[in-house]
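Positions -21 to -1, 1 to 97 (mature numbering (1 follows the signal peptide of the UniProt record, and there is no 0)) are the ones given, in order, by the sequence shown.
Just so you know, these hints were derived from the structure itself, not from any lab.
Careful: at least some of the hints might be erroneous.
What the hints assert, rightly or not - Ranges of calculated distance between the beta carbons of each label pair, as one might list FRET restraints:
#1 G8 / N29: 17 to 23 Å
#2 G8 / P43: 21 to 27 Å
#3 S58 / G33: 30 to 36 Å
#4 T30 / L77: 17 to 23 Å
#5 G48 / N7: 25 to 31 Å
#6 R91 / R39: 18 to 24 Å
#7 E14 / R91: 16 to 22 Å
C-beta atoms are modelled at their ideal positions from N, C-alpha and C, and glycine is treated no differently.
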Amino acid sequence: MRPFQLLSAIAIFLSLETVEAAAYWNCNGTPIPDERARSAARLAFSFVPNTVHGYPSVYRVEYPGVEFGTLRTFPIKNSDESWQGGNVDYYVLANIGLSVMEVFVVEANNKRCTKVAG
């Protein structure tokens, strides 16, 4: 390869963007982006319990030898908007540090969604 060809190849290589698939939750075939679920979980801990149309709900789960802390639920919309009332199709259950986080589908009897790594 000649020097000018090498420079062109390097320039093209440097201009390429790495496209990385984002993680999401598969909820009966409906993808819920992980960042949307995390955003809803953060909202669950930013509001006083039961002040936003009955949400966030608070749960205290105790298992011997396991410390979850307080868990809260908050609805998720299947759009870029935050839930502001109305039907609840999906919701997140999480602790404040998000080390425990699950997404559920209400219409499927609260079936747990599957997290798909990005």
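Hints, verified against the model:
1. G8 / N29: 17 to 23 Å: violated (32 Å)
2. G8 / P43: 21 to 27 Å: violated (37 Å)
3. S58 / G33: 30 to 36 Å: Given range 30 to 36 Å: violated, Cβ gap about 21 Å.
4. T30 / L77: 17 to 23 Å: Given range 17 to 23 Å: holds, Cβ gap about 21 Å.
5. G48 / N7: 25 to 31 Å: Hint holds: Cβ distance 29 Å, inside 25 to 31 Å.
6. R91 / R39: 18 to 24 Å: Since the Cβ atoms of R91 and R39 sit about 20 Å apart, the hinted range of 18 to 24 Å holds.
7. E14 / R91: 16 to 22 Å: Taking Cβ atoms as reference, E14 and R91 lie about 19 Å apart, which means the hint holds.
The structure does not agree with the numbered hints 1, 2, 3 stated previously, though it agrees with the rest.
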